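Enquirer: Work out the full structure: start from the sequences and follow the hints.
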Amino acid sequence: MSRPVPRRPEYQKINKDLFVLTYGALVAQLCKDYEKDEDVNKYLDKMGYGIGTRLVEDFLARSCVRRCHSYSEITDIIAQVAFKMYLGVTPSVTCNNASRNEFSLILDKNPLSEFVEELPAGRSSLCYCNLLCGIIRGALEMVHLAADVTFLQDRLKGDSVTEIGITFLKQPNEKKYRRRK
Amino acid sequence: MAIFSVYVVNKAGGLIYQHDSYAPRAEAEKTFSYPLDLLLKLHDERVLVAFGQRDGIRVGHAVLAINGVDVNGKYTAEGKEVLEYLSNPANYPVSIRFGRPRLTSNEKLMLASMFHSLFAIGSQLSPEQGSSGIEMLETDTFKLHCFQTLTGIKFVVLADPRQAGIDSLLRKIYEIYSDFALKNPFYSLEMPIRCELFDQNLKLALEVAEKAGTFGPGS
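Going down the list, the sequences are from chains A and B. Residue 2 in the numbering used here sits at position 2 of the first sequence, with consecutive numbering throughout. Take the position in the second sequence, starting the count at 1, then add 1000; the result is the number in the numbering used here.
Rather than coming from a laboratory, the hints here were simulated on the basis of the structure. Any given hint could be a false lead.
What the hints assert, rightly or not - Label-pair distances were calculated between CB atoms; the ranges are:
| no. | chain 1 | residue 1 | chain 2 | residue 2 | range |
| --- | --- | --- | --- | --- | --- |
| 1 | B | LEU1137 | A | SER63 | 24 to 30 Å |
| 2 | B | GLY1073 | A | VAL20 | 57 to 63 Å |
| 3 | A | ASP148 | B | LEU1111 | 38 to 44 Å |
| 4 | B | GLU1029 | A | ALA146 | 56 to 62 Å |
| 5 | B | ASN1184 | A | LYS16 | 53 to 59 Å |
| 6 | B | ASP1160 | A | VAL161 | 55 to 61 Å |
| 7 | B | LEU1109 | A | ALA146 | 29 to 35 Å |
| 8 | A | ALA146 | B | GLU1081 | 55 to 61 Å |
| 9 | A | ASP39 | B | LEU1111 | 46 to 52 Å |
| 10 | A | SER63 | B | ARG1100 | 38 to 44 Å |
| 11 | B | ASP1160 | A | THR167 | 45 to 51 Å |
| 12 | B | SER1117 | A | ASN96 | 36 to 42 Å |
| 13 | A | THR167 | B | ARG1100 | 52 to 58 Å |
Keep in mind the model is a prediction, meaning the values are calculated, not measured. Note that the Cβ used here is the ideal one computed from N, Cα and C, for glycine as well.
Expert: Written out as structure tokens, the structure is:
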């Protein structure tokens, strides 16, 4: 008997504007605090990492996903279950290389940057949604998978879609008997 | 109380949370006159009964209280040594409470790390590849259920063997952990959980589990 995802009644439908505004305020403040785009991106990633390490437990507790056996399964679950649960969008997944360890999530609609028209002048290499990269990286690390997560394409920088690239890295000390995905 | 204890063990094997809810059982309080007809000995910082089992006082029971005041290991509440106190005829008649000694928090820490190691050994002993670790340990007086999350945290529940619905209770405890411990920004991962809300909600969940026996959907 499959258990439906338990939803707390007070969180069924709320307005996401406060969430989007909070994220915007966060990025704006970081831009004021740090001059270089790389610094802002780095701190967004770091914050996202901290969020990801906690969010993954909430995700696993509520979504009842089974243990995965391949990187493409994991990417599918991130796209179809996790993104759906937390952002309400379902990115499409493509595999970028033959050795099946580089994947892309293509987002045509990104709730976080829905109201952002373009990056301000002088901030051309800012990754506005870098928090998401950090979240995915932190979450994967908690289930013992090292990955590099970056933005490959960004609609805010002029590309046609927003693309997040996930590259799964080989673990330096993979223990034979303790592989847990 | 059909659910006896809950333990939460982190990835490294350290105990980060522990909750006991069993009612004390088999305690006996009796008034004694000099000389004491039980043989008491000091063991592991506790005064235990070594010989002279009678009337509900069994070998292995510890001295829990003297004259109604709880003892502190091998010392009375005033700081005197229990054995010395009981060998002095001037202190008699004395009322002593015996009972099964409770585990100290250090002992619990040690047992949790030992269980963590046994859990890992369990999965290695398996003839199949990629087996899980120990999920249940059954004895005649209790059943130990263990649930390990994909991130390596273990939730261990000790319950009455007849208690049903422990699997859903373990999942529920995982949800409570992800809510009240992890979403607390001042809680650091892998550290002991000292969150009031986590305690309260856990106790509520245990009560519900005992009454209902199983969890329905959407609870």
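Enquirer: Going back to the hint list, which numbers does this structure go against?
Expert: Hint check: 5 fails alone, others pass.
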